[in-house]
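Starting from the known structure of chain V, arrange chain R with the ligands on it as the hints suggest.
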Amino acid sequence: MLELQGVTAGYGEFTALWDVTLTVNAGEAVAVVGPNGAGKTTLMRVISGLVPIRTGDLRLDGRSFAGRRAHEIVAHGIAHVPEGRRIFPRLTVEENLKMGGFLPASRRHYAETVGRVYDLFPVLAERRRQRAGTLSGGEQQMLAIGRALMSKPKLILLDEPSLGLAPVMVLRLFELIRRVRQEGYTILIVEQNVRQVLSLVDRAYLLEVGRIKVEGRSADLAEQDFVRKAYVGI
Amino acid sequence: MKRPLAILGLALLAVFPWLPLGPARLYILHVAILILIWGIVGTAWSLMGRFGLVSLGHGAFLGVGAYTTTLLWNFWGISPWLTTPLAVGAAVLLALVLGYPCFRFRVVGHYFALVTLALGEVIRLLIIAERDWTGGSLGLTLKDAGAFNPWAIQFADKRIFYLIALGVWLVGLWVWWRVDRSMTRSALEAIGEDETAAASIGIPVTRFKLRITLLSAGLTAVGGVLYAQYLTYLNPGVLAGIGVSLQIVFAVVLGGMYTLLGPTVGTALTIALSEYLRVAFGVKLLGMADTIYGLVLILIIIFLPAGLYGGLKELVLRRAAPARVVRAPSG
Ligand SMILES: Nc1ncnc2c1ncn2[C@@H]1O[C@H](COP(=O)(O)OP(=O)(O)OP(=O)(O)O)[C@@H](O)[C@H]1O
Ligand SMILES: [Mg+2]
Chain V
1 MLELQGVTAG YGEFTALWDV TLTVNAGEAV AVVGPNGAGK TTLMRVISGL VPIRTGDLRL
61 DGRSFAGRRA HEIVAHGIAH VPEGRRIFPR LTVEENLKMG GFLPASRRHY AETVGRVYDL
121 FPVLAERRRQ RAGTLSGGEQ QMLAIGRALM SKPKLILLDE PSLGLAPVMV LRLFELIRRV
181 RQEGYTILIV EQNVRQVLSL VDRAYLLEVG RIKVEGRSAD LAEQDFVRKA YVGI
Chain R
1 MKRPLAILGL ALLAVFPWLP LGPARLYILH VAILILIWGI VGTAWSLMGR FGLVSLGHGA
61 FLGVGAYTTT LLWNFWGISP WLTTPLAVGA AVLLALVLGY PCFRFRVVGH YFALVTLALG
121 EVIRLLIIAE RDWTGGSLGL TLKDAGAFNP WAIQFADKRI FYLIALGVWL VGLWVWWRVD
181 RSMTRSALEA IGEDETAAAS IGIPVTRFKL RITLLSAGLT AVGGVLYAQY LTYLNPGVLA
241 GIGVSLQIVF AVVLGGMYTL LGPTVGTALT IALSEYLRVA FGVKLLGMAD TIYGLVLILI
301 IIFLPAGLYG GLKELVLRRA APARVVRAPS G
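Here the protein sequences come in this chain order: V and R. Okay, so the first sequence: first residue is 1 according to the working numbering, each after it adds one. Okay, so the second sequence: first residue is 1 according to the working numbering, each after it adds one.
Okay, chain V solo, but in the shape it has when bound:
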C-alpha cells in the first residue's frame, strides 16, 4: 500500500532523512522507533506530503505521489495524526471532527463516519459540544485519532500518540489503537514506548540519525537487543 524508496528529505540545508526505504502492506500495523531527533516525525510528514521529498519515490498503491501536496495525499486515503495532538483547541469536539472529514468525498459520508468515531470513542460523543482545548490529554489524543478517521483513510499515521500521557492512559490508548486496527485500518505508528508498541504491530523499523538501521518482525525484534538499541542516544 505504501512504499518509500530511497527517500532523502530535510529542512533547508539540513538533511533529516537519508535514503529511507520502507513499506507498509494493506492490513498491516508497522512501527517506527528510534531516539529523539532520529527523524521519525520528519518521516511521517514526508509520507503525508507536509515535507517535500528531495530524492527517491513515495508510492501509494503503486502510484507515485512524490511532490504531491498534503491534501492530495489525504484524498488518497492517508490520514496523519500529528505529533503533540494538535487538535483545534477553540473549536468544539464536533467541529474538530467535521474538519477531519473536510474533503468533499468524506463530507458526503459525514453522518456515518462520525457515528463510527463516536462508537469507538464514546467519551467524544459525551463531549461533542465542548471546546476541544478543555479536554484532558488522553481525550485530546482520542479526538486527534477520531479526526483522522473522519477522512475514511486506508492508512493512518500515528506520531507518538502516547506523548505526555500518564502510564494508565497510555495502556488505554494502546487498547483503543488495537481496536482501530481490528476495524481494518492499516497503521504506521511512531512510538517511544518500544515494548508496548512491539506487542501491537506486525513489523518495526529502527530509525537512527535519519537512516533505517534495523527492520524486522516484531516478535523477532522483541527478543533481540532491539529495545535497548532504540534508546541509544537518549
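No lab work stands behind these hints, which were simulated from the structure alone. Model, not experiment: these values are computed from the prediction. Be careful, since some hints might not be right.
Ranges of calculated distance between the beta carbons of each label pair, as one might list FRET restraints [what the hints assert, rightly or not]: (1) R/Leu125 / V/Arg211: 47 to 55 Å; (2) R/Tyr233 / V/His109: 16 to 24 Å; (3) R/Gly9 / V/Leu163: 47 to 55 Å.
The following residues of chain V were derived to be distant from chain R, with all beta-carbon distances above 10 Å [to be verified]: (4) Gly62; (5) Gly115; (6) Arg172.
Every residue gets a Cβ at the ideal spot worked out from N, C-alpha and C, and that includes glycine.
Just chain R with the ligands now, with coordinates in the frame of chain V:
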C-alpha cells in the same frame, strides 16, 4: 438578525436621503456616503482579518482600484463600468503576486503583516514616482463629465451616489455573509488555529488563504473605484500607503471583525470621531484627533477584543442565552 428588523433597517437606509435632514442635509449625506464606502473597504479587510490574516497594506488594493479607473477615464475616456472589472483584476493580480509566495513559503503572523505593510508603501511610492501620468503627490482629478452622466458614473446629486454606495455595501455584506456560512470559513478557522494541523488533515492551506485574500483585495478595489468616482480627486497619501491602511485596520478593530456589521460600525465611529474632533478643535489641535484615536483603540483592544459592536452583541447574547459559548478572537 431578526428578519423584520433587518427589512425595516434596509428600508430606512434606502429612503434615508429623502428624509428631512435639516439644513446640514448635504453634509450628513456626504458623511453617510463616506461611511458606506469605507464600510465596504472595512468589510473587505475583515474577510481576511478575522482569520488572522492581518494585512497592513490594503491601501495598495484601494489605490490600484481607484487609479486604474480614473486613469483610463482621463486618458482614453473609457467608462468606469468597463474598467471596474479591470481595476478589480489588477488588485486581484497584485494580491496573487503578494499572497502566493507568502502562503506557499509560510510567511505568517507578524511577518505577513510586515510584507503587506511594505506593499502599501511600494504602491504609494510608485504612484508618486510615475507623476507624469498619475499626478504624483499632488494628486489627480477625475475629468469632469457633467452633472448627470451615468456612463461616466458622475453625478452632482449626492443621493444617487448614496444609493450606489448602499448597493455596493450590501453586496459586500452579502459576500461576507456567504463566506461566514461556508466551508471556507471552517477551513480558514482551522488554518488560523493551527496551520500545520489543518494541512495534515488535508485542508489545502495555500489555496484557501489565497482565495480569501484575492476576494478581499478585489472588494477593496471596488471601494477604491467608488471613492474615486465620488470624490473625483485622488491622492496617493489618502488612497495608498501606511496611513490609510492603518485607518482601515483601526476602524475594523474598533467595530469588531467577527460580526457582519462590525466593520461598518467601526468605520462609522472613526469617521464620526474624526469629523467631530475636526469641528470641535478645528485646525488648532490637528494632532489631537489621532491621539484620541490611539487611546480609544488601545482601550478597545484590551477590554473588548471582539470590537465595540461585536463586544456589545456578545453581551446581549450572553444575557439572552447564558449557555452559548462565544468564540474569542484569535490573537
Ligand atoms: N521545521 C524544522 N526545521 C529544521 N529542522 C528541523 C525541523 N523539524 C525537525 N528538524 C530537525 O530534523 C531532525 C529530525 O527531527 P524529527 O522531529 O523528525 O525527529 P523525531 O525522531 O521525531 O524526534 P522526537 O522523538 O523528539 O519527536 C532533528 O535534528 C530536528 O532538529
Ligand atoms: Mg517526533
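Out of the numbered hints, which ones does the structure contradict?
2
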